[in-house]
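Could you build all of it, start to finish, from the sequences and the hints given here?
In my numbering, the protein residues as written are 14 to 507.
Just so you know, these hints were derived from the structure itself, not from any lab. The hints are all genuine.
Pairwise CB distance ranges, derived in the manner of DEER restraints:
no., residue 1, residue 2, range
1, 56, 265, 17 to 27 Å
2, 368, 482, 34 to 44 Å
3, 412, 132, 45 to 55 Å
4, 67, 341, 41 to 51 Å
Even glycine gets a Cβ: it sits at the ideal position worked out from N, Cα and C.
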Amino acid sequence: KAIRRQRQMCIRDSYRSKQLMSNKNLLSGRDKELQELAEQYEAAMAENKPFYQDADELADLADWYGTKKRYDKAFEIAEYGLKLHPDSTELMIEYAYLHLDNGKKAKAREIIENLPDTYSPEAKVVRAHLLLSEGKLDDAEQLLDTIEDKADLANVVDVSYMYLDMGYPDKALAWLDPVKEEYSDEEAYIAVVADCLYGKGMTEEAIPLYNRLIDMNPYSAPYWFGLARCHFEEMNFNQAIDACDYALVGDDEFADAYVMKGHCFYQLGNEDAALEYYQKAEELHGLAPEFIYTYIGLCKVSKGEWKEGYENLEKAILENETDEIASPILPSLYANAGLCLSKMGKKRKAHQYCKKAHKLSPEEPESLLIEGRIYIEEGDYDKGIKQWAKALNCSPTADTWNEIGMHSMEIGYLDYAKIAFERVCELEPDFDGINEKLTVLYMTLHDKENFIKYNQKCPRPFDLKELEKMQMLMESEDREDLAAYMQNIIKALQ
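The structure is reproduced here in structure tokens:
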């Protein structure tokens, strides 16, 4: 049997893909077989015809759908297979994994406890996975230690991905290192090692392995995506985009690549292109709708488009409020929606949202920063400064001072922006973009001496032509929103 889950190069945190890969002619080996099997299955179901396959084949097919996050089909296949093969350990293990992937530990435990064969390596690995999900690392290790053939490649890969999926890359490498000499040229072994190195943040070491895998399988979207992730972590965004484009040659419906391209374009300051790729990923069920609402909402907030920002943030809030456990992004959604409400004249509800955000995450400064800004815009400077002081108590960092500076710029509180940005320089002289911000700020304040001082510190000081562009923007921009004005200058310079 093929090594299960060896196709899971993007690990289990990858995003969902909606449709079958359209470039089947580029696939090879087991991937092509499973693609064809999926097409046969879906055709049979559409025509209400029986579809018989061995238990192993159906388990692999369920796994194939699962790695694409097409859980409806994966569950459907597993349940269909268990009707045909009710005593299949392989199918029951796959069914348990699907429940674990979807957070249904109680059902997974019930399935695992009723496995016909509890001594096979696969059965021990899935039980260890359940133990790790319950925080029982020692018990899981003791169980895995009872696997007899620890040098078998299938067992090594299975255990390694289990550890990697659960956030233990060092434990995975402990299984991989002893068999390095024996399997160093095996594609499955190279793939899991590359993923482990990426999981440990060792991108420089992972890149040559992904390139080696690509030489072995040039049209593998997961391998190209693995390379793209490394380039992204190295902040080589254009190279990451190129790698994603190659991934899409092999699979033009590979949602992960669209998500990654969105992240890259966002980092490059191209929000419109980022949104285009995020929306493409959403069409493929690669991103949850609330992510798109959140992204659009925050982009609208940054542009001062308060009504549209609030409408999208409110949609994201409604989506996230349905979760049993509060989403970690919910406090930020409340706080930014509160800022929009304040701009829309709904002061009472704005403060209510800020307080809800602070109650959910009292250790985070964002809600305090935003409510401080709202108070200052209402003319209550004392309350506003007190909120900012509380934010600094929560997080006395350059990031917090930078946020205070940006809020001060937005509301025309330029003297306080100057204090905040200068404080950022004291705490972190190399803080990203701080010299550019102070250059623009001092130019706005007509402070020639400090303008020259910080312009000289910029990695690429502004020249005369760029200053002329800035002057034109000064004359043409509505400067009520100074932060947006400054962002427009930076984009023009880029």
